[in-house]
Amino acid sequence: MRLGVPRERRPGEHRVALTPTAAASLIARDVEVVVEAAAGELAGHLDGAYTGVGAQVVSSERAAWDADLVVRVGPPMPAELDRLPEGGAILGFLTPFTSADVVGRLRDRQVTALAFEALPRVSAAQGMDALSSQATAAGYAAVLEAADASPKFFPMLTTAAGTIPPAKVLVLGAGVAGLQAIATARRLGAVVSAYDVRPEAAEQIESLGARAVRLEVEAQTEGVYARALEEDEQSRQHELLAPYVADSDVVITTAAVPGRSAPILITHAMVHRMHAGAVIVDAASESGGNCEVSYAGERRVHGNGVIISGPTELPSRVAADASQMYARNVLALVQRVIVDGELIIDLSDEIVSGACVTHRGDVRHELARKLLGLSASEMEA
Amino acid sequence: MRLGVPRERRPGEHRVALTPTAAASLIARDVEVVVEAAAGELAGHLDGAYTGVGAQVVSSERAAWDADLVVRVGPPMPAELDRLPEGGAILGFLTPFTSADVVGRLRDRQVTALAFEALPRVSAAQGMDALSSQATAAGYAAVLEAADASPKFFPMLTTAAGTIPPAKVLVLGAGVAGLQAIATARRLGAVVSAYDVRPEAAEQIESLGARAVRLEVEAQTEGVYARALEEDEQSRQHELLAPYVADSDVVITTAAVPGRSAPILITHAMVHRMHAGAVIVDAASESGGNCEVSYAGERRVHGNGVIISGPTELPSRVAADASQMYARNVLALVQRVIVDGELIIDLSDEIVSGACVTHRGDVRHELARKLLGLSASEMEA
Amino acid sequence: MDPALITGITVFVLATFVGFEVIAKVPPTLHTPLMSGANAISGITLIGAVTAAGIEHQRLAIALGALAVCAAMVNVVGGFLVTDRMLQMFRTERRR
Amino acid sequence: MDPALITGITVFVLATFVGFEVIAKVPPTLHTPLMSGANAISGITLIGAVTAAGIEHQRLAIALGALAVCAAMVNVVGGFLVTDRMLQMFRTERRR
Amino acid sequence: MVQLLYLACAAAFVIGLKRLSSPRTARSGNIVAGLGMLAAVVITLLHQDILNWGAIAVAAAVGAAVGVVWARQVAMTAMPQMVAALNGFGGAASALVAGAELAARDPGATRLDIQVTILLALAIGAVTFSGSVIAFGKLQGLVSGSAIAYRAQAAVSVLVTLVAVGAAVAALATGEVFGFWVVGGVALVIGVLMVLPVGGADMPVVVSLLNSFSGLAAAGTGFAIENSALIIGGALVGSAGFILTVQMCEAMNRSLMNVLLGAFTSAQAATATAEAGDTSVRAATAEDVAIALAYAERVLIVPGYGLAVAQAQHDVQKLARELEARGVEVGYAIHPVAGRMPGHMNVLLAEADVAYEKLLDMDDANQIAARTDVMLVLGANDVVNPAARDDPSSPIYGMPIIEVDRAKTVVVVKRSLAPGYAGIDNPLFYFDQTMMFFGDAKEALQRVTESLSLV
Amino acid sequence: MVQLLYLACAAAFVIGLKRLSSPRTARSGNIVAGLGMLAAVVITLLHQDILNWGAIAVAAAVGAAVGVVWARQVAMTAMPQMVAALNGFGGAASALVAGAELAARDPGATRLDIQVTILLALAIGAVTFSGSVIAFGKLQGLVSGSAIAYRAQAAVSVLVTLVAVGAAVAALATGEVFGFWVVGGVALVIGVLMVLPVGGADMPVVVSLLNSFSGLAAAGTGFAIENSALIIGGALVGSAGFILTVQMCEAMNRSLMNVLLGAFTSAQAATATAEAGDTSVRAATAEDVAIALAYAERVLIVPGYGLAVAQAQHDVQKLARELEARGVEVGYAIHPVAGRMPGHMNVLLAEADVAYEKLLDMDDANQIAARTDVMLVLGANDVVNPAARDDPSSPIYGMPIIEVDRAKTVVVVKRSLAPGYAGIDNPLFYFDQTMMFFGDAKEALQRVTESLSLV
Ligand SMILES: NC(=O)c1ccc[n+]([C@@H]2O[C@H](COP(=O)([O-])OP(=O)(O)OC[C@H]3O[C@@H](n4cnc5c(N)ncnc54)[C@H](OP(=O)(O)O)[C@@H]3O)[C@@H](O)[C@H]2O)c1
Ligand SMILES: NC(=O)c1ccc[n+]([C@@H]2O[C@H](COP(=O)([O-])OP(=O)(O)OC[C@H]3O[C@@H](n4cnc5c(N)ncnc54)[C@H](OP(=O)(O)O)[C@@H]3O)[C@@H](O)[C@H]2O)c1
Ligand SMILES: NC(=O)c1ccc[n+]([C@@H]2O[C@H](COP(=O)([O-])OP(=O)(O)OC[C@H]3O[C@@H](n4cnc5c(N)ncnc54)[C@H](O)[C@@H]3O)[C@@H](O)[C@H]2O)c1
Ligand SMILES: NC(=O)c1ccc[n+]([C@@H]2O[C@H](COP(=O)([O-])OP(=O)(O)OC[C@H]3O[C@@H](n4cnc5c(N)ncnc54)[C@H](O)[C@@H]3O)[C@@H](O)[C@H]2O)c1
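Chains as they are written, first to last, in the working numbering: chain P, 1 to 381; chain U, 1 to 381; chain W, 1 to 96; chain H, 1 to 96; chain D, 1 to 455; chain X, 1 to 455.
Be aware that one or more of the hints could be misleading.
[What the hints assert, rightly or not] Straight line, CA to CA, 25 Å or less: simulated DSS-like cross-link-like pairs of lysine-lysine:
id: 1; chain 1: X; residue 1: Lys408; chain 2: X; residue 2: Lys318
id: 2; chain 1: D; residue 1: Lys408; chain 2: D; residue 2: Lys358
id: 3; chain 1: X; residue 1: Lys408; chain 2: X; residue 2: Lys358
id: 4; chain 1: D; residue 1: Lys318; chain 2: D; residue 2: Lys408
id: 5; chain 1: D; residue 1: Lys318; chain 2: H; residue 2: Lys25
id: 6; chain 1: D; residue 1: Lys358; chain 2: U; residue 2: Lys168
id: 7; chain 1: D; residue 1: Lys358; chain 2: D; residue 2: Lys318
id: 8; chain 1: D; residue 1: Lys318; chain 2: W; residue 2: Lys25
id: 9; chain 1: H; residue 1: Lys25; chain 2: X; residue 2: Lys358
Rather than coming from a laboratory, the hints here were simulated on the basis of the structure.
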């Protein structure tokens with residue numbers, strides 16, 4: 001079996017889907033690993049490291065795509081989709097719930113697409129949960145971005161030149177990334193409070209030593225995820241959040257609802273109530289942003305002196321470790337679909353079946369079907 | 001008395017020498033405060049804040065310079081020097097030991113120049129010690145720069161996708177900035193070790209919970225500062241430091257010797273022994289750099305994958321708080337030289353006398369005299 | 001009042017004080033062994049039994065005394081031995 | 001041996017045990033007050049003095065006894081009062 | 001002279017008891033007390049003008065043989081009932097001695113105070129005996145272990161007690177031997193009535209109380225035969241046993257009254273049971289945990305989400321330091337998904353300044369699990385659930401776990417038997433080597449740390 | 001019957017002593033013991049057939065008056081010598097009682113054991129008396145306070161003791177009254193010889209030991225007049241006093257032998273003094289500090305560089321939490337330049353999770369300084385140096401400080417009297433309200449926290 005690791009070409013993407021260590025594990029299981037030249041460079045893995053463990057480093061992009069299974073970090077770009085062998089297989093973040101184009105073309109090419117976004121978040125699959133591992137990196141990097149953007153110290157400092165009070169950091173959305181952001185901001189000495197719609201998040205926030213903001217707006221989870229709010233709920237939420245936002249030196253937002261664009265948590269009006277030098281880091285900007293005033297991929301000073309940053313590719317800021325975790329996730333999932341050196345997609349395996357968005361011309365995931373306008377029932381057949 | 005606050009024009013300089021709060025204190029003592037428009041904007045102080053406390057905001061640069069005492073953050077640029085009234089007074093970081101040009105012209109214009117660099121570091125002067133307050137900001141910002149540049153997490157993380165070991169951070173030079181860097185890196189969860197030539201620094205490093213690297217190269221202090229090393233000492237130091245540097249994920253350097261260019265602590269060869277993805281933040285790059293491979297004001301990836309950053313204007317990264325502390329220092333010193341609303345330079349005051357580098361056409365500080373090639377004895381006269 | 005009785009009461013009161021004071025806060029794991037050990041000590045009635053069985057002439061008294069000796073003996077011997085068994089868990093000498 | 005002596009010894013030994021056990025670990029600040037209080041108690045010899053001074057006929061004995069009463073009284077009265085003064089520092093009721 | 005020798009024996013008892021109350025010295029204390037006893041017996045045999053050597057020898061031999069064999073063979077788990085039974089023998093012996101005194105003399109012609117003490121020894125001995133028999137029966141499962149309640153229980157108890165008092169007064173007034181025997185008989189009934197209403201779990205407290213009684217009975221015989229060794233020994237056991245009883249109640253957070261009234265207060269009892277959870281788990285006290293930890297060679301701490309919720313990071317570090325100061329090797333076993341976010345435990349322990357070197361990965365931890373004396377599971381649940389390893393039908397089957405159950409002892413600290421994130425039951429809690437210590441992790445750790453100084 | 005009343009008095013002594021050994025109950029303990037004493041005297045007066053009411057009344061009145069006046073007027077600082085003197089009176093009383101017994105009867109015609117006890121009471125009482133007098137003299141400054149050593153000291157002591165023993169044997173053998181008086185006289189000499197070699201700082205230990213002796217003397221008189229209240233009371237004081245003496249030695253890290261041999265081991269003594277530093281500072285123990293803190297309403301902690309060096313941040317937090325649990329209000333006063341870098345104390349305390357709200361700026365701290373009971377200065381020096389405020393010639397004059405000296409009590413924890421960063425001496429250490437607790441901050445804090453549970 002041949003496994004390809006093409007170089008990621010999306011600007012700002014520094015990660016690599018397979019580290020030399022992970023490659024070595026696969027090679028030991030008789031998988032032929034083909035890595036495009038310079039694929040790992042930005043994550044600190046030079047080509048020599050791959051050849052060192054027995055992988056084949058190829059300079060041709062085509063050769064890396066021409067494999068039984070292609071492992072990726074981000075979704076294939078249009079040009080790359082064409083390089084994917086018909087009937088082949090791909091694994092990575094494939095945006096199956098947001099990019100109809102990608103899903104449609106994967107289906108059309110009869111590709112077996114395993115998307116990390118669709119992986120069931122059950123206990124046994126935690127080793128493959130790339131959403132979690134990359135959200136961890138994103139949460140950490142979001143705080144570094146915020147600290148860098150803020151003209152204030154995060155910790156309190158009592159000095160001969162006066163006492164600097166600690167920065168007040170508010171984290172909105174306390175999923176994996178949000179919790180990591182809370183932890184990191186607390187480490188730096190900030191006074192952290194946080195909010196999430198899921199009621200059980202409050203305890204988790206407090207378990208990190210931060211203050212949980214409890215509003216009356218709550219949404220019981222559907223599975224592990226939050227549901228989207230109704231319109232009236234949302235406006236009530238804005239109203240209740242506004243004073244907390246206005247009082248903060250730094251706001252970091254990480255809220256998301258799978259298969260939807262990110263919910264708006266900070267409105268224009270709320271931004272205007274903030275003070276000059278306050279910072280908003282919208283870590284959800286890639287999926288539309290939690291802030292109405294959001295500049296994806298940029299940091300700008302708003303009219304009233306509020307600094308707004310919408311970093312994309314946050315995990316790439318810790319590319320080495322993010323790649324290492326990602327590669328471990330990839331390895332765990334790949335090892336599950338390789339039997340005796342052959343790629344076997346066992347659809348009776350709850351985990352594999354869940355992650356498998358397209359297979360033999362079928363779109364299998366409900367949210368992906370919704371995206372393409374297909375009926376839900378068809379899948380059952 | 002009229003006190004002027006011109007806008008800082010040096011690129012990357014975001015600080016302001018006087019905050020509205022500090023201005024208010026002076027105005028209460030009958031000082032007329034003139035602030036150039038937009039002077040405080042980048043530090044989060046809009047013009048309205050100054051007018052609000054009774055300061056005069058002027059749009060003309062000239063008007064801000066035309067004062068009995070001009071307070072500055074950085075040294076005046078050549079063009080600005082001309083705006084300084086003959087026989088006037090200026091206070092700020094004036095590079096008295098490194099820029100012969102500035103000192104010479106200040107003397108020639110009979111300016112009374114009070115330089116924070118020359119302020120005696122005695123207990124009673126700690127409230128005016130801007131070197132300390134700004135070094136504090138620099139140390140903190142240097143770590144943020146390092147964390148941002150590093151492709152690794154600083155803290156240890158045990159996750160389902162493997163265990164990420166903590167980053168190994170080495171801080172070279174444990175003065176005020178270095179100690180703050182140690183504290184900040186430790187806050188972020190890194191494993192920190194540090195080195196300084198001053199033997200008493202080891203205890204101070206350990207008092208922050210970091211490991212002190214003790215080499216046989218030590219230099220007893222002259223006053224509070226380190227002395228420059230002899231050539232043989234320096235090469236021995238490089239030899240002994242090399243393995244520690246090679247083993248680090250992040251090296252932050254802050255070493256300095258007053259009146260000298262920064263000592264070289266990391267040689268070319270040492271950079272080459274570091275691993276891909278390792279980071280060097282040379283916080284001394286403004287005064288020549290502690291690393292032979294240093295790009296002042298830039299972050300670059302070296303040939304072997306080592307990321308080298310030579311940030312300048314580090315305190316400006318926390319411009320709001322750095323300005324607040326700086327303004328407190330300015331206030332403390334200004335209050336010492338104002339008697340009944342008049343500027344009185346009392347040279348019998350050890351602190352004022354020490355800080356006063358030029359006065360009535362005299363160059364008064366020994367190091368500054370050395371810089372201009374004047375004999376030391378003349379000063380005594 | 002008989003002086004022997006007064007002496008007895010004095011001794012009884014003092015011994016009670018000692019008993020109260022001698023037991024400091026005891027960790028629960030020791031509750032059972034301590035109870036067992038104390039129980040064995042209460043078998044001191046054995047000497048009363050020996051006296052009763054040994055010096056009386058009356059048959060019933062001797063019989064009751066002998067029975068008492070037997071019962072007390074079970075209490076004493078069994079008590080100390082079983083306490084010792086329970087305490088073997090604390091035997092290991094602590095290294096330092 | 002005289003039974004009174006035996007009783008005396010028994011009582012003495014038991015009281016000694018009580019004395020040993022009753023003093024747990026004492027904080028140093030209490031050392032002096034405790035010593036002073038114990039010292040006042042040792043003035044119990046006062047009742048010996050009263051007995052000596054009160055029931056004897058012999059002049060010297062009475063004189064010595066009266067002297068003993070006087071000395072013991074100083075010990076007892078002074079002791080308890082001064083102990084109480086020392087202990088006033090612990091008087092404040094703790095709020096909770 | 002012989003009295004002074006007895007005094008020395010009594011001193012041995014005091015010293016023995018003192019040493020018995022601390023783990024370090026307990027064993028030697030038992031031996032000291034035993035030697036004191038041996039000496040007392042020898043002194044008695046030598047001093048008294050023994051007439052009936054034969055009877056004594058036979059009786060003593062039989063008793064000793066029974067004692068030795070029984071003590072050797074009894075199972076460790078049957079200790080409580082053995083103590084109860086031994087106690088019954090002690091009570092019986094005192095009652096019998098009193099009986100022998102009665103038989104030997106004409107009560108009517110005896111000093112009143114001797115009469116009284118004989119009566120007391122007889123009555124208390126009898127109560128001890130019958131009470132112990134019932135306690136033994138309950139513990140052994142011969143009598144229904146649960147609290148036995150019946151209508152008019154209170155009335156019956158009061159009545160019987162009145163009868164006993166009446167009989168005693170009559171006996172003393174008349175000096176009739178028969179009256180004494182009646183009192184003894186009624187006392188037997190009282191013993192039964194006293195123990196029947198008490199539930200099985202509270203039985204050790206009752207046994208301890210009866211133990212205190214048997215001391216009093218012995219002291220009573222001491223008064224009767226005017227032997228100060230008996231008085232001292234009996235009084236010692238009486239008071240020490242009482243203090244111990246009170247402490248046992250405190251350890252269960254109950255009052256002695258509450259325990260004795262047992263069945264009357266069944267509502268309370270129900271709460272207590274619920275608090276302690278399912279009866280088949282072993283609920284430990286802070287002191288039990290402290291002893292398990294203090295006498296271990298290696299302890300691994302397994303932190304979980306509950307530790308974070310309780311914000312007990314500083315407390316666990318404090319405990320670990322104290323254990324290390326005692327020479328225990330302490331490590332932290334970090335499960336990859338412990339807590340609610342990746343690296344949750346790292347943040348937590350970093351706040352408490354736990355050195356990175358002390359953190360063990362799951363794999364490393366599992367490697368030394370079998371060589372670990374105590375696994376201290378702090379607010380973790382799913383990550384130590386053996387079902388993930390053993391039960392293919394479990395929803396978390398296949399998740400790697402920290403195999404704490406391979407250690408000699410597992411201590412689990414959590415507030416209840418409630419499940420964790422995965423919402424499933426954890427069989428670990430019911431394992432033989434598992435002690436559950438219920439409570440908020442912060443408070444629990446503080447209490448364990450405090451208890452360390454006692455052990 | 002009267003014996004039982006005496007027994008009750010003795011019980012009051014036991015309870016009184018027990019309560020005296022814990023700060024919370026000490027005062028009531030003293031009262032209980034006092035009431036027991038009152039009762040014992042009343043019982044004696046009523047029970048004995050008193051002949052010489054007048055003598056007793058006069059003697060008692062004089063004694064009581066002296067006691068009341070003295071106890072009222074003595075300065076708090078003169079307590080130790082007062083206790084020594086009172087103790088001397090107690091010893092004298094016992095010796096006098098023994099003397100009275102001697103005078104009243106013909107020793108030769110008395111039972112030997114009574115003779116022995118009279119002799120013991122006389123001798124021990126005399127030793128107590130003369131020893132206490134010397135101790136009083138030393139403490140009051142009438143006799144040279146330092147250890148008095150002279151050549152052949154050991155030889156003289158041994159000799160005198162032999163003389164005493166010889167005289168005692170002779171007296172008992174002959175039954176001559178005169179022999180008894182000789183023993184008493186020699187005992188007086190022994191008391192003097194025993195106390196002279198002991199240094200002034202160790203005097204409290206000696207007084208405590210003499211106190212134990214006076215208990216034994218009282219017990220001796222009890223044997224002589226066959227009074228069990230005396231025996232019990234005396235024995236109690238004898239043993240409790242001895243335990244106390246041992247504890248006092250432990251608190252000084254000395255052995256009793258070492259203290260008594262005093263001057264012989266002057267080398268050691270010198271070390272001890274050096275350890276405690278300059279004699280004009282008040283060196284406190286962990287327990288002293290614990291009491292000062294536990295009974296305060298408000299405590300401000302002033303951290304300095306030494307706290308960072310000791311890395312004792314977690315320990316200080318632990319102490320603060322325990323104090324808060326006791327209802328003490330605890331805050332942290334942060335000086336702007338404490339430590340060696342700006343914000344040093346912030347980093348340190350953040351590591352220990354001290355809430356930001358508990359940190360007070362220098363100005364705020366100074367505002368409440370006068371209303372603060374205890375300032376706990378931990379490894380800080382320059383930042384609390386009053387010279388910066390008061391002494392214009394000081395190199396740090398003009399530096400703002402935290403004015404800890406305005407609080408009622410200042411506790412300074414550091415390893416020595418060494419100066420800090422500025423290299424200058426700190427007059428604070430010599431102030432009246434300052435207690436120095438010498439030691440590494442981490443260890444010191446741990447010991448104080450442990451001691452808290454005792455107070
Ligand atoms: N790490 C991650 O990235 C991540 C993310 C999401 C989900 N998860 C899941 O979270 C779980 C983590 O396992 P875990 O063992 O750490 O936690 P867990 O299985 O959720 O168990 C935590 C236990 O702590 C106890 N607890 C709660 N508060 C407490 C307190 N104050 N004091 C004492 N005990 C307390 C609870 O029992 P009582 O109520 O009886 O006290 C509970 O059973 C796994 O199932 C994992 O899959 C992990
Ligand atoms: N904060 C800043 O930015 C900064 C920067 C540079 C200089 N300074 C100067 O540093 C000083 C700071 O004042 P400070 O009061 O914090 O410190 P300090 O005056 O230097 O005194 C610290 C004291 O801590 C004691 N100590 C050291 N190690 C200890 C340990 N392990 N346990 C207990 N005590 C220990 C030392 O006494 P022993 O040896 O007797 O134990 C020492 O006297 C000021 O003079 C300030 O001007 C401050
Ligand atoms: N099975 C496992 O063991 C496992 C592993 C990792 C994560 N999880 C769970 O997955 C869940 C989601 O984690 P995620 O980080 O991927 O979520 P996510 O990225 O989908 O969303 C981030 C957070 O935004 C919140 N959010 C959504 N709408 C919001 C709104 N309007 N206002 C405020 N907050 C809003 C969500 O509640 C969520 O906490 C969590 O419950 C987490 O515990 C489970
Ligand atoms: N008076 C006061 O209270 C006060 C206030 C602030 C700082 N200080 C003292 O001032 C001193 C210097 O502080 P700074 O930060 O301004 O110093 P700096 O900026 O001049 O130098 C930074 C550090 O570099 C070190 N260094 C120089 N050459 C080196 C070499 N070859 N190798 C390694 N390290 C080298 C120095 O020892 C110093 O610690 C410190 O001792 C500090 O404690 C005193």
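Status of the hints after comparison with the structure:
no.: 1; hint: X:Lys408 - X:Lys318; result: holds (23 Å)
no.: 2; hint: D:Lys408 - D:Lys358; result: holds (21 Å)
no.: 3; hint: X:Lys408 - X:Lys358; result: holds (21 Å)
no.: 4; hint: D:Lys318 - D:Lys408; result: holds (23 Å)
no.: 5; hint: D:Lys318 - H:Lys25; result: holds (24 Å)
no.: 6; hint: D:Lys358 - U:Lys168; result: holds (17 Å)
no.: 7; hint: D:Lys358 - D:Lys318; result: holds (14 Å)
no.: 8; hint: D:Lys318 - W:Lys25; result: holds (23 Å)
no.: 9; hint: H:Lys25 - X:Lys358; result: violated (34 Å)
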